[in-house]
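Engineer: Could you build the full structure based on these sequences and the hints that come with them?
All the letters of the sequence shown, read from the start, carry residue numbers 92 to 180 under this note's numbering.
The set of hints was computed from the structure by calculation and includes no laboratory data.
Ideal Cβ placement from N, Cα and C applies to all residues, glycine included.
Do not rely on the hints blindly, as some may be mistaken.
What the hints assert, rightly or not - Derived DEER-like restraints, expressed as beta-carbon distance ranges: (1) L102 with S167: 31 to 37 Å; (2) S167 with I145: 35 to 41 Å; (3) G177 with N109: 15 to 21 Å; (4) A137 with D166: 17 to 23 Å; (5) E130 with I95: 36 to 42 Å; (6) D161 with V92: 34 to 40 Å.
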Amino acid sequence: VDLIEGKRLGLRAYTGPNVSFILDNDEDAFDTSDALYNEFILGYNAGVGLDIGIFTVDVEHEWGLSNAFDSDLIDSRNNRLFLSVGLLF
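Structural biologist: Here it is, written out as structure tokens:
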């Protein structure tokens, strides 16, 4: 949703589900195998973004809805905060 939309200033808010897939596991890094991970991880994201001139900044939070590891013994859901900075062309 665009809250402010202009040529030099923009403010937006966004939200929605996401699905993450593990494409490769470097078994040497943590001495783990692919069998320990779930095939996909479900999450829910919400964030806000600000555009000022040619610069853009976004802050987003992800709440994990499913465990990353294939185990019921530990809670391995993602709880991540993202900060993105960029240039608009």
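Engineer: Each hint should be assessed against the structure and marked as holding or not.
Structural biologist: Taking the hints in turn, this is what the structure says about them:
At roughly 34 Å, the beta-carbon separation of L102 and S167 lies within the given 31 to 37 Å, and the hint holds. Distance hint check: the CB atoms of S167 and I145 are about 39 Å apart, consistent with the given range 35 to 41 Å. At roughly 19 Å, the beta carbons of G177 and N109 sit within the given window of 15 to 21 Å. About 21 Å separates the C-beta atoms of A137 and D166, a value consistent with the hinted range of 17 to 23 Å.
A hinted range of 36 to 42 Å holds for the C-beta pair E130 and I95, which are about 40 Å apart. The supplied range of 34 to 40 Å is met by D161 and V92, whose beta-carbon atoms lie about 36 Å from each other.
The structure meets every hint from the earlier list without exception.
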